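Student: Got chain A; can you put chains B and C on it based on the hints?
Okay, here's what each chain looks like letter by letter:
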Amino acid sequence: MTNGWVDIKNADVILAMGGNPAENHPVGFKWFIEAKKVRGAKLVVVDPRFTRTAAVADFYAPLRPGTDIAFLLGLIRYALNNGRYQEDYVRIHTNGPFIIKNEYSFNDGLFSGWDPNTKQYVKDSWGYQADPKSTAYGVDPTMQNPRCVLQLLKQHVDRYTPEMVERICGTPKDKFLKVAEIVTSTHPANRVGTITYALGWTQHSTAVQIIRTAAMLQLLLGNVGMPGGGVDAFRGHSNIQGATDTAGNTEILPGYLKTPQGQFQTLADYYKNAIPMTLNQQAWPSMNYWVNYPKFMVSLLKSVYGNAATKDNDWGYGWLPKIDANYSWMYIFDDMYRGSSMRVGGKETGPEGFITFGMNPVGLGPNSKKMIAALSKLKWMVVVENAETETATFWKAPKEYGGAASSQIQTEVFMLPAANFAEKDGTFTNSARWLQWKWKALDPPGQAKMDQEILSRLFLAVQNLYRKEGGAVPEAVLNVTWAYANPVNPDLAEVLKEMSGKALGDIKDPKDPTKVLKTAGQQLDGFGQLQDDGSTLCGNWLHSGVYTEAGNNAQRRSTADPTGLGMFHNWAFSWPANRRIMYNRASADANGQPWDPTRVGIRWDGAKWVGDVPDMKPDAPPGTYGAFIMLPEGVGRLFAPALNDGPFPEHYEAVEAPIANPLHPKVTSNPTALIFKSDQDSFGTVDKFPYVCTTYRLTEHFHYWTKHQAGGVLNELMPGFFVEIPEPLARQKGIANGSKVKVSSARGAIEGTAMVTNRMPTLKIDGKDIWHIGFPIHWGYAAEKGHTGPLANFLTPSVGDPNTWTPEYKAFLVNLEKA
Amino acid sequence: MELSRRNFLKATTVGGAIALGFDLSKARAEIREFKISRTTETRSICPYCAVSCGVIIHTLGDRSKNAVASVVHVEGDPDHPISRGSLCPKGITLKDDITHKNRLTMPKVRRPGSDHWDDITWDDAVARIARHIKTTRDKSFVARNAKGQVVNRNPGMAMIGGCTDTNEFNFLQWKAITAWGVPYRDSQARV
Amino acid sequence: MTVQALEIKRSSAAMWGTKTGLREKPVVSKYIDTTTCIGCKACEAACQEWNDLKTVATHQEGSYQTLPHLDADFWNLIRFNEREVDGGLMWLMRKDQCMHCAEPGCLEACPAPGAIVQYANGIVDVDPSKCIGCGYCSTGCPFDVPKFHKTTGKMAKCTLCVDRVEVGLEPACIKACPTGCLQFGSKEQMVAMGNARVSQLKGAGFQDAMLYDPQGVGGTSVVTVLGHGHPEWYDLPRDPHVPLLVRAWKSILRPLGVLAAFAAVIGVFGHYATYGPKEPPEGDGVGEGRTK
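Chain order of the listed sequences is A, B and C. Per our numbering, the first sequence runs over residues 1 to 819. Per our numbering, the second sequence runs over residues 1 to 191. Per our numbering, the third sequence runs over residues 1 to 292.
Extracted from the complex, chain A is given alone in its bound form (with noise of 0.2 Å):
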């Protein structure tokens, strides 16, 4: 999120869309109805399914599931054609009056730099022109030069006319306009609105394209840095924002510094690559913030290594290990399931031992058939857990799912008992980036042990055999610290306190280097004062000040308010910097003077920026930096060049779908799309699988975890598995409310009861009625007795966004038979 979860409530409008908020995160959804009914705010769903979201909107507009991209960028053509837009604000907080290079295009589906042979982009052409007359970029201020960004959104736009987005969505022209009225009505500089999505925008093969889409509406409107604005990503578990922030990803390291490659051998080499150049020299010059990536990255080699990291051996780079190729989800097991990985210049295995920490991989999908043929390839596995799950006994599978007979299994599997939330102390973090510690209430269960002690005894075990007998560059094992006071089973708070980071030496003042800023030994203020020569430790930058001399900032617990927004600061700690709203500046004028002055972000007082944690130099006055500091444009991007997939969002059809490309039909799907082509991959057509399906959560169980409550309340709530299915489309195969129906797709079948609704809605697309069904994931073979179901991720493609490298779970198609 870049606002926070009580922040919904300054919102005129919200759009919730590529989420159902009410269903899967109810308690912040009471800040959507507070927006409601404390100023009369718009709440608007855009959703396949008419939701429990939808059942408390002020409007609801259907749509069909993987076509999200063609009515956002309908709601932005809306806004440009109508003048529905905040050009203020866009002028000097978007990248909207940048020229762009002339040899940029946009041709039948596919934007210029398309390699047929790679099947990538080579990006060149997707960057700003430069001015002659300077070293500078081009930059036009009207923003009437044709090639200037905004000109050329609008050219890309204009496919995406209201009768084209009922032609792609199924969304009757009437109420694509009604929503168009409504999120477009926040454009005066005093009206704010925000849009908050979750997974119902991430797991597409468009995904990312998705989430910019609403980002550059949300510019256009000038709601991004404004309290009640924003873009909301709200996260399903307690602590995935946690894990990618200290990564939890193969392609960073905490506080998303870069996953080193094999291409850059030193440090030096590979800053070059890691730290953008600044780009925008000109007014309102970028402050390009990752010119401190130094800082950060050597404080995490000295947190990493300890004293083992000097200046002459580079920090200790080198033992980093470095990839040369994708390792990510859907590559693990698919090279798990090969045994090697092709991708690298020589044949390297893939992986033959697995340890997973409170993961459930055959359950999360995709493809749980392939994934069970995955883990039977190991050699060993550690499954670390509260309860046995699908993945634990994946040697076990109900025969359905296509496993080896238990005899035919090599791997040794270990399951240990692991403490859970309550058993332990820690911090998560939430949503909204807060840092909350809670406290332990009681000791784990039987032989249960927390995961820190289980890793911990992991870890110093093979410490101690690379000690005691050698091996493979053994110095990358050794030099790794643990010098806890007690490293068996360290202190959660010790270890914050190693993320949150200290001095190692005496840090001075840089304004005044008589004065000391911090000994030896003490916590830091927070990242502003690391330093890039080894005198600082720090975990992860992007922590730096959780724990500070003051103590845990993440144990605070005032509830004191003095702005009335919700922004809470002496309650837990948010990074960075306990800022609550990103890109704040946004919020402000020219002169640093609030857009609206009944929501202020920050103000300019003339001396330094008061109001949230600035998002800018607190003392540079306004027209210094851009607003936004870790960009190097230093400004929002309308165009981004970064992406794989294309500067602009373009609609695609999902990998699977029912119709081929209304616009382009020879690029029907995203041409980066990643696709896997194992022989446990395979995908449907609609002549054979008619039905886009896609899957979801409930209220009433989280994940695939409470299914193992036994005489749970949750169970009680909501027993087993269904399929939703609208009504028309049950009466035409003479399907009963409650009767038994099997879904298949190209992957595998499934059974499950019939709940017919008219909740599913009937879209008609080129005269056609188009039909999506739809089912909940939270089954499985391993649940209390009676509580067990199909699992969901058995009909899933092992299909992804080019970006992200997440799953398309979201729109898949299938065929719907009476069982």
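These aren't lab readings, by the way, just hints derived from the structure by calculation. No experiment lies behind these values; they were computed from the predicted model shown. Do not rely on the hints blindly, as some may be mistaken.
The calculated lysine-lysine pairs, modelled on BS3-like cross-linking and capped at a C-alpha distance of 27 Å, are [claimed, not checked]:
1) C:LYS25 x A:LYS785
2) A:LYS101 x A:LYS123
3) A:LYS440 x B:LYS35
4) B:LYS101 x A:LYS785
Tutor: Structure of chains B and C alone, referenced to chain A:
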């Protein structure tokens, strides 16, 4: 056997009638106890979605040395600025998540080709897994890639982390991943 | 520990003088705003957990609704109703539980002395130690609330969390409610809040929004904001009354204490026990139990 109302009436008519109009001996009712008046309250954060509601875990006993804590109730933390005491059905039933009988309590191993779990001690499990990690790492380790560049990676191993691991655990896990050289690593954030 | 003694306003099967004690207490009430209810069932779960009720074996039969109706082990139920009006789809959700009537039909019908009491704060409660499980209270209830518990042989229903209210807390369902569509306070405050919300809704296009506080039972300690002035769309009786015979039983027959008369009435009650107290459903969709 369920007694039907009609049968029940037949059986109790006389008794019931005799009781009519009497028995107001107790002027006040004292029938329900407040079940959490002296439980220990611990502030925590709900482990489900990313709203991060504040929860109060009520445990039996007052944390004295001889009292063994067990969860008797979970309720919303009214001070929490986001949740303000409310919880969804999952949060409200967290007691079930902590106390249910399908919780794992013993390390187990399923040996190659076997069709069942065997018990294993923690020490044996840790020793065996550590040996697996070392054997796999030593065997699969790629110190230099095909171009001769130092890469120090161990593609023989994959690790995925959970969605309810603490930040501190995630950091420790990243350190272990770095030590073991694991390139195949991912989390719930991907899916 | 026992909570402080509770002041009783009325008690079942009392011949005369049911009011006890001297203290006046403000009547409390729940407030339910169906227009901001998302049917999340936090109230259902909170009720189950707080009251330590046993789980009911439920089955997926093609509905989001947990059970077709309240149960002796399930005192708080969200009712889901889909309805299409003029091409617009509505998914209506309403929290169903004991309404805590000011003039409780259950209490009037109950033949067991002190088994059903109305406290001075308006809460209507069953005292299991005195309940004889005859089921007359369900006959007297126009909302089909009290249920017979097979294991205990007693009637059971929502207590309005009297144990919490008496120590100064809100009921468990109210506290849990994520959207704030449930509120708790004095009846006076809740009615004022309800009227204000109804005005707001009328201004926002819900012309026939209404506050449901049925006077046929003297008003209830559960006031419900309905977005649409059709209580039956929410599985609520339009104009509930305590059945006439229950009134007659209480005001005329029982004080006479005539055994013969009592016997004669049994047949009539038998009818009610079999066919229920509710009037036949009005219009379609009512009384179908669960929809989606």
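Student: A separate judgement is required for each hint: does it hold in the structure or not?
Tutor: Evaluation of the provided hints:
| no. | hint | in the structure |
| --- | --- | --- |
| 1 | C:LYS25 x A:LYS785 | violated, 48 Å |
| 2 | A:LYS101 x A:LYS123 | holds, 11 Å |
| 3 | A:LYS440 x B:LYS35 | holds, 22 Å |
| 4 | B:LYS101 x A:LYS785 | holds, 12 Å |
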